[in-house]
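Here the structure of chain A is known, so what remains is to put chain B in place on it, guided by the hints.
What follows is each chain in one-letter form.
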Amino acid sequence: MSVASVPNENTRLARFLSVLRDVMARPSGAVGLTLVMAHLLLAIISPLIVPYDYKAMNSAMMLTGPEAAHWLGTDHLGRDVFTRVLLGGREALLVTGIATPIAVTWGGFVGIFFGLVGGRIDEVMMRVVDAFLSLPWILKMLVLIVTFGTGIEVLIPTLAFFYGIPVIRIARAATHDVVARDFVSAARARGHRRITIIRRELLPNVLDTLMVEGAMRWSWMLLAFSSLSFLGFGVSPPTPDWGLMIADARGFMSFAPWGVLGPVIALSSLIIGINLTADALAKALGIDRAQKAPV
Amino acid sequence: MTGPVLDIRDVSVGFTGKSGATLPVLRNIDLQVAEGESLGIVGESGSGKSTLALAAMGYLKRGLRLLDGSVAFRGQDMFSRTRQELEKIRGGELALIPQNSGQSLTPTLRIGAQLIEALRLHSAVPGAEHVAKATELLGQVRLPDPQAILSRFPHELSGGQQQRVAVAMALAGEPHALLLDEPTTGLDVTTQAHILELLRDIARDRGMAMVYVSHDLGAIARVCDRVVVMYAGEVVMEGTTRQVLKSPAHPYARGLLASIPRLADRHLPVALDGRPPAPGDAGDGCSFVDRCALAQDLCRSQRPDLTALPTGELARCFFTDQADRVSRTMSGAVPVEIKPDGATALQLTDLSISYHQPSLFDRVLGRSDARVATVDEIDVTVRRGETLGLVGESGSGKSTILKSIAGLLPPAGGQITLAQSEALATVVENRPPDHLRRIQLVFQNPDDSLNPRQTIAEILEQPLRLYFGLTGQALHDRSVEILDRVRLGGHYLDRLPSQLSGGEKQRVAVARAFAADPEIVLCDEVTSALDVSVQAAVLDLLNELKEKQGTTYIFVSHDLAVVKALSDRVAVLYQGRLCEIGPSDQVYATPSHPYTEVLLGAVLEPDPDTAPTLAADDVVELSPPAQGCPFQRRCPRKIGPICDSETPPWHQTADGHAIRCHHAITDLAAAQAGQAAE
Numbered sequence: 001m002s003v004a005s006v007p008n009e010n011t012r013l014a015r016f017l018s019v020l021r022d023v024m025a026r027p028s029g030a031v032g033l034t035l036v037m038a039h040l041l042l043a044i045i046s047p048l049i050v051p052y053d054y055k056a057m058n059s060a061m062m063l064t065g066p067e068a069a070h071w072l073g074t075d076h077l078g079r080d081v082f083t084r085v086l087l088g089g090r091e092a093l094l095v096t097g098i099a100t101p102i103a104v105t106w107g108g109f110v111g112i113f114f115g116l117v118g119g120r121i122d123e124v125m126m127r128v129v130d131a132f133l134s135l136p137w138i139l140k141m142l143v144l145i146v147t148f149g150t151g152i153e154v155l156i157p158t159l160a161f162f163y164g165i166p167v168i169r170i171a172r173a174a175t176h177d178v179v180a181r182d183f184v185s186a187a188r189a190r191g192h193r194r195i196t197i198i199r200r201e202l203l204p205n206v207l208d209t210l211m212v213e214g215a216m217r218w219s220w221m222l223l224a225f226s227s228l229s230f231l232g233f234g235v236s237p238p239t240p241d242w243g244l245m246i247a248d249a250r251g252f253m254s255f256a257p258w259g260v261l262g263p264v265i266a267l268s269s270l271i272i273g274i275n276l277t278a279d280a281l282a283k284a285l286g287i288d289r290a291q292k293a294p295v
Numbered sequence: 001m002t003g004p005v006l007d008i009r010d011v012s013v014g015f016t017g018k019s020g021a022t023l024p025v026l027r028n029i030d031l032q033v034a035e036g037e038s039l040g041i042v043g044e045s046g047s048g049k050s051t052l053a054l055a056a057m058g059y060l061k062r063g064l065r066l067l068d069g070s071v072a073f074r075g076q077d078m079f080s081r082t083r084q085e086l087e088k089i090r091g092g093e094l095a096l097i098p099q100n101s102g103q104s105l106t107p108t109l110r111i112g113a114q115l116i117e118a119l120r121l122h123s124a125v126p127g128a129e130h131v132a133k134a135t136e137l138l139g140q141v142r143l144p145d146p147q148a149i150l151s152r153f154p155h156e157l158s159g160g161q162q163q164r165v166a167v168a169m170a171l172a173g174e175p176h177a178l179l180l181d182e183p184t185t186g187l188d189v190t191t192q193a194h195i196l197e198l199l200r201d202i203a204r205d206r207g208m209a210m211v212y213v214s215h216d217l218g219a220i221a222r223v224c225d226r227v228v229v230m231y232a233g234e235v236v237m238e239g240t241t242r243q244v245l246k247s248p249a250h251p252y253a254r255g256l257l258a259s260i261p262r263l264a265d266r267h268l269p270v271a272l273d274g275r276p277p278a279p280g281d282a283g284d285g286c287s288f289v290d291r292c293a294l295a296q297d298l299c300r301s302q303r304p305d306l307t308a309l310p311t312g313e314l315a316r317c318f319f320t321d322q323a324d325r326v327s328r329t330m331s332g333a334v335p336v337e338i339k340p341d342g343a344t345a346l347q348l349t350d351l352s353i354s355y356h357q358p359s360l361f362d363r364v365l366g367r368s369d370a371r372v373a374t375v376d377e378i379d380v381t382v383r384r385g386e387t388l389g390l391v392g393e394s395g396s397g398k399s400t401i402l403k404s405i406a407g408l409l410p411p412a413g414g415q416i417t418l419a420q421s422e423a424l425a426t427v428v429e430n431r432p433p434d435h436l437r438r439i440q441l442v443f444q445n446p447d448d449s450l451n452p453r454q455t456i457a458e459i460l461e462q463p464l465r466l467y468f469g470l471t472g473q474a475l476h477d478r479s480v481e482i483l484d485r486v487r488l489g490g491h492y493l494d495r496l497p498s499q500l501s502g503g504e505k506q507r508v509a510v511a512r513a514f515a516a517d518p519e520i521v522l523c524d525e526v527t528s529a530l531d532v533s534v535q536a537a538v539l540d541l542l543n544e545l546k547e548k549q550g551t552t553y554i555f556v557s558h559d560l561a562v563v564k565a566l567s568d569r570v571a572v573l574y575q576g577r578l579c580e581i582g583p584s585d586q587v588y589a590t591p592s593h594p595y596t597e598v599l600l601g602a603v604l605e606p607d608p609d610t611a612p613t614l615a616a617d618d619v620v621e622l623s624p625p626a627q628g629c630p631f632q633r634r635c636p637r638k639i640g641p642i643c644d645s646e647t648p649p650w651h652q653t654a655d656g657h658a659i660r661c662h663h664a665i666t667d668l669a670a671a672q673a674g675q676a677a678e
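The listed protein sequences derive, respectively, from chains A and B. Each residue of the first sequence is one higher than the one before, counting from 1 in my numbering. Each residue of the second sequence is one higher than the one before, counting from 1 in my numbering.
No lab work stands behind these hints, which were simulated from the structure alone. What you are looking at is a predicted structure, and each value in this text was computed from that prediction instead of being measured. The beta carbon of each residue, even a glycine, is placed where N, CA and C say it ideally should be. One should not assume that every hint holds.
In silico DSSO-like cross-links for lysine-lysine, where the CA-CA straight-line distance does not exceed 30 Å [stated by the list, open to error]: (1) Lys61/B / Lys18/B; (2) Lys283/A / Lys61/B; (3) Lys403/B / Lys548/B; (4) Lys18/B / Lys88/B; (5) Lys61/B / Lys88/B; (6) Lys18/B / Lys283/A.
Listed next, the stretches of chain B that the computed footprint assigns to chain A, with coverage defined by at least 3 CB atoms under 8 Å from CB atoms of chain A [to be verified]: (7) 443 to 450; (8) 458 to 466.
Bound-form chain A, shown alone (with noise of 0.2 Å):
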């Protein structure tokens, strides 16, 4: 018998841990957990081993190339692009990073609700999302972020909850594939209360598709985010960041490419790095149904 092959830890950590094995066997998701995880060191220590103050400016010294005081070269008002371009993904990682929990908690909780419910409050919520997502989303985060200003404050639950959105349908579509599964209506006919069957049958069943959700949006709303900040409604100036920076050093890019390419690089690295994890993490999780095992 084959008893003794069966491992005897199933608790969560023991699955966790294997999903993360899984993750690094695959060349994406090395390296896309590698960027992930060199950009989120970045973003912690970098206040201390940056070279120079962000804020120096230096008019003897503006525009110049890449040198070995100045990597990068400097901006238009002579200040370091190294510099800068380590410190810009602070705000937005920081951002990102509490907005995107809340999104997709939210989203999936709702999307999971109305999954459950069905019939025609669920068609009716469906359709109210469709028309939501029909506008351009910059113009409906444009309207709050006008209204109520910028700032961490308004741009994190501006981009919570219109990331949430998406979620809504993803978390439904993934509970309609789990609701119509014996097991469900076995805790029906058991008589456990709804939030019970959301919590224990339904949810765990979904969160694998959450996760993954969870890290496309993450990459979106980071892309969001440095747009926002691109058109001057995130990260005011003098705090440097990416979508800022690109702003600012898009008028010189003829003469110092330099000064766009530092962050450009730095934004796309990290969005690469989110989608190669999420593309293995799927895999790994067997969320990719053309990559289930042959046998």
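Okay, now just chain B, sitting in the frame of chain A:
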């Protein structure tokens, strides 16, 4: 032609496991199929029988690879051919009929177009004659009105008709050999019997070779000359159908036969304990050693060869001479009969259930709902401690009735009463906890009814917390106790369902139902997703629990033999209406309702000496007729217009046997006795 049509030599197939080791799925298979011969391949799930059938076409599923050996079709090696060559052979000279043809027909193409495509690719028939040939093929598979079928879409045909179309497509290329992968699994008994007769006749008329893969020994008995028994990826036995089914030399084949419930038996089938080894786990010895009653030290250390016996059969066993010790007549447990104390456990009064909901449009216009209810006029009283079997083909409403009792599907009319007089709320959310606890449901497929993300402990804890408020040590102790009762130990608590075998999972599902200490357990096809050897164990368990707890069962199944094995009383349903109800001995004997007669006649027994009787057409009706007898359209004993216009009366005998038919019971008895004498 001299050599065999299909020559499989020493084939091993395997895949690379997670650890990097090569794990074999098929081990050293040697098999020859002669011209015109039909060979059956039997085995339980995971035995490698489908892999073998596909390998015979030169095809392996993704991840699998040929480790050794060769497959030759008509003298030419299949694995060394090019893709183009294989494309010509597959579907042409060598055709496959898959399990679920409904899924293998293209839903957006008409049957005619699909058949003509098969003719264009695989036959020499000139283009102008394609339509005529297609019509002819459909006629050959005995589809009524072939001309009309040509212009239908697959979804407009019933499962049996789709399977016939698949047979017709396979015949388009005038194949030399047909591979059939569980072609009748999932079809109703009457349909299955018809398809098997068709296949038999076609193979005989055309002199085609057939390889018939199935887990169902009854079907194999009907169509095959020779049978190969597979276990854990190897052939453990080979012989003529009669040898394998009457007195097999291999202990596994004996055990398999004993685990099949039969209509004539008075006892439960015998379970085959344990489970087959996973690929790569078979060890050095015999792969069956862990489950074998004859196992000795030799069996553990050395792998037996497939040796020829004097009788001509081949068996992979050292002790074939002792096979008689594992007797086929080995009797299983006798079903417990609890003397019903007369008290009512559950009463269904004039229950009707309808899936059809009037649309908003109809309601606005004030149109009344003209449709006939899916289930109607169900009047059944279940006594305490009794097992009531509900049988019928798919669509007969048997599972619907269970769902309604469980409160998952509110009835359109009628009353469900618990015990003497406690009316049950129609919706589960309105039922008091006590009512909820007393009725428990066990589902068909444990893969679907157990949450894959919960450990066994978490699964069992749900009813225990909900109904008894148990926590901490008391909860744990009670869980272990319940697991012991279904013959699983406390060490199962930490496992996930995916780490258990099919039979173990179903035991957990049963344990969860019994954790509530229920009075009535509703069993919805609880064994139909399981292998026969495991099915026997689950039936045994249900029987044992009934003995200990005095539980009342309502046992739904499409398998008449399974219902017979366990039930005290049986109710036969057709199109959501009761046809016959009574003590199981009497329902299974004559006189019976014409529908029961048809059903019983179509049952396939794993015995080459019995043949099913095909009385009614295998037409699938989508909705019951608006008036008259529900069985009017298929009844072989139809009297005349009275059956179409008037609802038949119930005829009752003294011992509680009731038949609903326009024929008097004495007439039925005389007619059926006359037929039996013929």
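**OP:** Mind listing which of the numbered hints don't hold for this structure, in increasing order?
**Re:** The structure breaks only hint 4.
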